[in-house]
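Sequence lines, in order, name chains A and B.
So in the working numbering, spot 477 of the first sequence is number 477, and the numbers just go up one at a time.
So in the working numbering, spot 80 of the second sequence is number 80, and the numbers just go up one at a time.
The set of hints was computed from the structure by calculation and includes no laboratory data.
Glycine included, C-beta positions come from ideal geometry on N, C-alpha and C.
Accuracy of the hints is not assured; some may be wrong.
[As the list claims (entries may be wrong)] Pairs of lysine-lysine residues, derived as DSSO-like cross-links and limited to a Cα-Cα distance of at most 30 Å, are as follows: (1) B:K250 - A:K93; (2) A:K429 - B:K253; (3) B:K265 - A:K343; (4) B:K43 - A:K364; (5) A:K81 - B:K82; (6) A:K343 - B:K223; (7) A:K516 - B:K43; (8) B:K82 - A:K364; (9) A:K343 - B:K206; (10) B:K266 - A:K429; (11) B:K252 - A:K93; (12) A:K425 - B:K47; (13) B:K252 - A:K364.
[Unchecked claim] If you want a taste of the chain A side facing chain B, the calculated C-beta under 7 Å gives, among others: (14) R77; (15) P78; (16) F82; (17) E486.
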Amino acid sequence: MVNSMAELLIKNGFVFDPILGIKGDIADVAIKNGRITDKVSDKAEIVDASGKTVMAGGVDIHTHVAGPKVNVGREMRPEDKFFRGEYRGGVLKQGKRMEMGFSVPSTWKTGYAYARMGYTFANEAAMPPLFAPHVHEEFRDTPIIDQTAMPVFGNNWFCFEYIKNDETENNAAYIAWLLSATKGFGIKIVNPGGTEAWAWGKNCSSIHDEVPHFEITPAEIVTGLIKANEYLGLPHSVHIHGNNMGNPGNYKDTLDTLRLTSGINTSNKFGREQVLHNTHLQFHAYKGSSWSDFESGAKEVMDYVNQNKNITVDMGQVTLDETTTMTSDGPFEYHLNQLTHFKWANLDVEIETGSGVVPHIYDKDVRTSGIQWAIGLEIALFAKDMMRVYITTDHPNAGPFTRYPGIIAWLMSEKARQATLDTMKWKDKVIDASNIASMDRELGLYEIAQMTRAGPAKALGLLDIYGSLRERSDGNVAVYNLNADELPSDPALIEDAFRNTAYTVKEGVIVVRDGKIVAEPPKHTLWTKVNMPENAQVMHDIREKFSTSYSINLENYPVFDENIHNARAIELDAN
Amino acid sequence: MKTITMTLVQEPELYLECYSVTPDQFAGKSLAEIADLPAHEGKIQWKLGDFFKFEGKAGETAADTKIVVNGNVRKMKRFGQKMSAGEVVINSDADMYIGGWMTGGKITVNGNADTFLGIAMEGGEILVEGDAQNYVGSSYRGDWRGMSGGLIRVKGNAGNDIGTAMTGGTIIIEGDAFIHVLTHAEGGTVIIKGDVEGRVGGQMVKGDAYVFGNLLYPLPGFKKVATVEKEVDGATYTFDQYIGDLGERKVKKKGEIIYGNLYLKK
Ligand SMILES: [Zn+2]
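If we strip away everything but chain A, and leave its shape as in the complex, we get:
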């Protein structure tokens, strides 16, 4: 058995590394003491990667794999596990634990399935601060992959008040305190103001709708949080799920949100260039005035993204599966329940956030689902800079992350897209309402490496650790059964190669061999530690709110050190 102190040499693969500008050259990758290095001794274990594709470990910038709403999804969907267990067509036991669940997999399956796809890092995209211990405990039980969690700030009463009073410094100090208290990574916004309004049965469907009782607007919330983020110089930018998600005509609200970044730049020590990451853009790029004239707004939105380097996005690709939607966007989940009448869970998290969970079926024979599928792919295919557009499914909202290999096949093969279109009952209507049928662009492996590791690692501000095979990066490597000189013409073979790696290496340890889990070395939880003097005003405000508005004592609120699994702090000094 290999240990992390040993040396490993991955020889003769076709290497793709957008950070080093390597485009499929045959090269070796050396790892020593868990880090990429320039050379190793002749005692190193050799991995023969000849005829195979080599990339840094994959980086998922946006996924929902741990915490209370994910667990609500597991609890309310026993049928998501049925016929998918060990002897009912599911994966045979490979690691220490059984795997189960399809759209809401167990933590164990989550770690194993990411590793089998060559991913070694995943960012949990919405952590309710009050329930941070639950998130971290699930991280502990998610094997192999490193993880971060973003606390949600877009409906937080503290932030509302500091923003209303234009107190950027206090807002920043509160954010730094909360990141420390929850061992969080960065600033997530979900339906700014809208989830708070939902507590009153209302919503904010445009960025200028005032939040009830707070006299501020979503536009002010987003701007205020970007200001605080850049005041602190956090590794990641503000990460937003904007207003009016999932409704026809919302591409205008999305453009309004994106325009809030106009003229804002960043200076941070992490090499990040964007000031706003707009997640699952597919759900925010809808034209039309109702579901009957619903059509793609991908071109309009991507035209703006292409022109503005201070924005990054991810796809939120619909995979045409039965899945489970779960967001902190309480009103959205209610509206979805009213459309389908599937079961619905709803939660309010004190003065911080809320959430909802509803199953959903993206049926290839339903026109809306077909158009949503097309919009996601168009977002990638209209993109000019693949370092700023990332593959996600907003797992599990638009489909499970285990479908990434299929998305890669759709992006790399027009034939694969056409084959899927051809199975759709309302193919002609989908074509009429989208651009997909006229797009013959096919992405290459270099662009896939940009969209799945180099790009997201850079946007997260974690490029020193992930996303590249540069020296001193963590020794995380994926070796795929793909001959870059002779790519298969059958897209199913591309999909197979990305579903099960020949090897996945985590910090120098071979964790997957021939598509099977073979080791489960310790993983890390990363968080952002801001060094700044204590802000007396903010600490006073925190104590006061805890005595008046929270159900628990301040002393019991922060995550205990023993909750954090193998913590790795990303440190910075506030400006």
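Chain B with the ligand: place on chain A using the hints.
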């Protein structure tokens, strides 16, 4: 039709999952290949041949294959699960999930069947000579898709939760049932020829429930609208017709509101 007879020779210690016992799986296979099909006892995987001896011959297709199960299989589950055609006859009591998710063919249980009989069934026919337990023709727990087609006839009594989330097909219980009939249904018919304790049609949007005997505790969400004559299971009777569940959301068809129906025999 070719017949294959499987006779119990070894009882399992725990309960055995006989998901391989379907005409679809047996068709076109030799007796040795059939004896090699998997069966689970807890987490242990066995072969059917570890518990049964096989005689006769399987047909070339599922439709051409009849399976007769002999011996006491009271502790065995999932006979006929997902079957699409052909026939299964069980000359004994059987455990849970008999005919679950089946899409066609016929299953006869010459004894009692346990819980989850014919759940999420899409087509075909199940006949139980004895009693059935809970969740006859229901959805799997948590799922919103119950029985959508076919016929289940139970000659004896049944338990709770008959036709939960049903969308089509017919369930006939010739004896009594306890509580929860057609809960959350959006279609389908349940006929109970005996007595029912209560809670028929709770949150029902569409579907037809018939109770021939006494309905002890009717739900308040139903109101009487007519007295009608209807032919049910080959004979004509007079019923009081109630509609509901009035507390549940309503669907419209061609501008008219659809209700679930509850028919109580006069
Ligand atoms: Zn999300």
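Evaluated hints:
The straight-line distance between the Cα atoms of K250 (chain B) and K93 (chain A) is roughly 46 Å, outside the 30 Å bound, and the hint therefore fails. Only pairs whose Cα atoms come within 30 Å are accepted, and K429 (chain A) paired with K253 (chain B) is accepted, the gap being roughly 25 Å. About 34 Å separates the Cα atoms of K265 (chain B) and K343 (chain A), which puts this hinted pair outside 30 Å; it is violated. Restraint check for K43 (chain B) and K364 (chain A): not satisfied, since their Cα atoms lie roughly 36 Å apart, outside the 30 Å limit.
About 17 Å separates the Cα atoms of K81 (chain A) and K82 (chain B), which keeps this hinted pair within 30 Å; it holds. Distance check on the hinted pair: K343 (chain A) and K223 (chain B) sit about 27 Å apart at the alpha-carbon level, within 30 Å; holds. Restraint check for K516 (chain A) and K43 (chain B): the C-alpha separation of about 21 Å stays at or below 30 Å, so the hint holds. About 24 Å separates the Cα atoms of K82 (chain B) and K364 (chain A), which keeps this hinted pair within 30 Å; it holds.
This hinted pair checks out: K343 (chain A) and K206 (chain B) have alpha carbons roughly 18 Å apart, not beyond 30 Å. Under the criterion of a C-alpha separation no larger than 30 Å, the hint pairing K266 (chain B) with K429 (chain A) is inconsistent with the structure, at around 53 Å. As the CA atoms of K252 (chain B) and K93 (chain A) are separated by approximately 48 Å, the hinted pair breaks the 30 Å bound. With a C-alpha separation of about 42 Å, the suggested pairing of K425 (chain A) with K47 (chain B) is violated against the 30 Å cut-off.
Simply put, K252 (chain B) and K364 (chain A) have alpha-carbon atoms about 25 Å apart, close enough for the 30 Å limit, and the pair holds. For the restraint placing R77 (chain A) at the interface with chain B, the shortest Cβ-Cβ distance is roughly 6 Å, inside the 7 Å limit, so the hint holds. A least Cβ separation of about 4 Å between P78 (chain A) and chain B falls short of the 7 Å threshold, and the interface hint therefore holds. Because the beta carbon of F82 (chain A) sits about 6 Å from the nearest beta carbon in chain B, less than 7 Å, this interface hint is met.
Interface hint at E486 (chain A): violated, since its Cβ lies 39 Å from the closest Cβ of chain B, which is beyond the 7 Å cut-off.
The structure fails to meet hints 1, 3, 4, 10, 11, 12, 17 from the earlier list, while all remaining hints are met.
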